[in-house]
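In full-length UniProt numbering, the protein residues as written are 1 to 503.
Hints may be right or wrong, so weigh each one.
For each label pair, taking beta carbons as the anchor points, the in silico distance ranges come out as [as the list claims (entries may be wrong)]:
id, residue 1, residue 2, range
1, Thr448, Arg153, 48 to 56 Å
2, Lys278, Thr57, 31 to 39 Å
3, Trp167, Thr53, 21 to 29 Å
4, Asn484, Val68, 50 to 58 Å
5, Ser120, Leu498, 27 to 35 Å
6, Pro288, Pro147, 42 to 50 Å
Worth flagging that the hints you see were computed from the coordinates, not collected in a lab. These figures come from a predicted structure and were not determined experimentally. Using N, Cα and C, we set each Cβ at its ideal position, and we do this for glycine too.
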Amino acid sequence: MVILGFGLYRGVNSNVYLSAYAFVKAPFMFVPDLFFNVVVACSIIVCSAVAVTLAWTGRLKANTMPYVLPTALLLAGNLAALLGVILSLPPDLALLVPGLLYGAGSVMLSLFWIEVLSASRPSSIVVQIALGMLLNVVVSSVLSPLPGDVQMRSSCVLLLVSGLCAWFVRRRLQAASCEVETHNERSIAETVSAEPAEALSSKTSLRARWGAYRDAFLELDDSLVAFFVLEAVIGLLNSFMLAGSIDFEGSGAVSAAAIVGAIVVFCFIVFVAHRIPKVSTVSRVVMPVLAAMLVFLPFLSERYNLVFSMLLLGSYYFVALLITYLIAEAAQTRKVSPYVLMGVAMGVARVCLAVALLSGYAAGVAGGGPGDEAEHTMRYLVIIVVVLYALCMALVFFSRDRKRRRAEEASADAPNESAVGTDSVSVPEIDSTLDACCASVAREGGLTEREAEILVYLARGRTKAYIADALFVTENTVRSHVRNIYSKLDVHTRQELLDLLER
């Protein structure tokens, strides 16, 4: 049900966005209409900010994100397009109303499904995303060539099916949540019944929540930065092309081909390679290629433009898939609200897109349209994009340096914390100290990046089966890494390893 509901929602949502409710037949690189995209971006920014605020303050609790209301909003947009209501509106409102409906509905449903995904184990999350996105491709491929009225009718039916799947999944999650809460209440009553209510509430204070979300975003920062920069690059190129009325044959198929290519690569990595690559690694490979291709973009043929656009969009969509998994996995493992993580990611990404769209459009208009002036503006745009790429790399390196400094500070504070006593050390501080110790031992022992990652799990007492499930690798692979860790660190048992980390 999760795969069916998630895949149908993403397929219908993607088709509606790319066609602007069937008003545009061939969108250029994810942007069917400049005004429609800006309206959608602003709507998503506002709704994401509201959702993040409510979740952060505790007013939007787990398993409470509406799914009936957003489904009704998307249905209303499709029905308005189907019945001709949108065409009867003034020109300024013809795409404003459906854009607002789409933005509000897509935010709530995206947050609903990311919470559903985060309720599963990491290995199940990645499989659900992969299979759901394959269904997304099938739905989009079937809907896109159909006439506009047929598209809207089919979208309404598929949205209803997706809503029924959401109802079934919500009931199952609520039942599981009730069982967990009952078990936790019994445990608390048995162990901490003597503690006053103020002491219990202080353990979930704002400072503790801030520490948990800070650690989660530090884990995602490189990935989010790469995603935001790709969003801005796409917005700049799109808006400039639209402002200058620059188009080339086949541009309408670029978006669909890029989506298919990204999902095929993602599924190959998941089901064949059994490994989730880091977004920072993907960025180090793809970004230099894109930056080099941008330099020649204004001067080469349309076929070159098609190749560049497909690579850019494919990279963007692949990174978006990885971020979906990383957010769900971070929410599941760190026990934080996926509403906050996904809301911030969607909101900031749309801010980057809106700013880039408006900036690129202004640059295109200033260039005076096609011709020599447009070519001059294109060169100026290339400089902007290269600057964005340099900013992305600087932010990535800055975030890594920040992580290293935090680890060194935690390692330096470890003796002081032990002198004070374990009763005064909070859980985030203990985790930071343990991570710092593991990082120090890994550097001294010459462990690889993957071995250092497994070392942290071993230090926390995780089994090989748990590590294999969390990292989405086989147990044999974990055993091989563990043998290498023991050999490099010159230990023979788990206890010797723990003793080494405590020194």
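Structure-based check of all given hints:
1. Distance hint check for threonine 448 and arginine 153: the Cβ-Cβ separation is about 54 Å, which falls inside the suggested range of 48 to 56 Å.
2. A beta carbon spacing of about 32 Å between lysine 278 and threonine 57 agrees with the range 31 to 39 Å that was offered as a hint.
3. Against the hinted window of 21 to 29 Å, the Cβ-Cβ separation of tryptophan 167 and threonine 53 comes to about 27 Å, which satisfies the hint.
4. The supplied range of 50 to 58 Å is met by asparagine 484 and valine 68, whose beta-carbon atoms lie about 52 Å from each other.
5. At about 30 Å, the beta-carbon gap between serine 120 and leucine 498 stays in the expected band of 27 to 35 Å.
6. The hint said 42 to 50 Å for the Cβ distance between proline 288 and proline 147, and at roughly 43 Å that hint holds.
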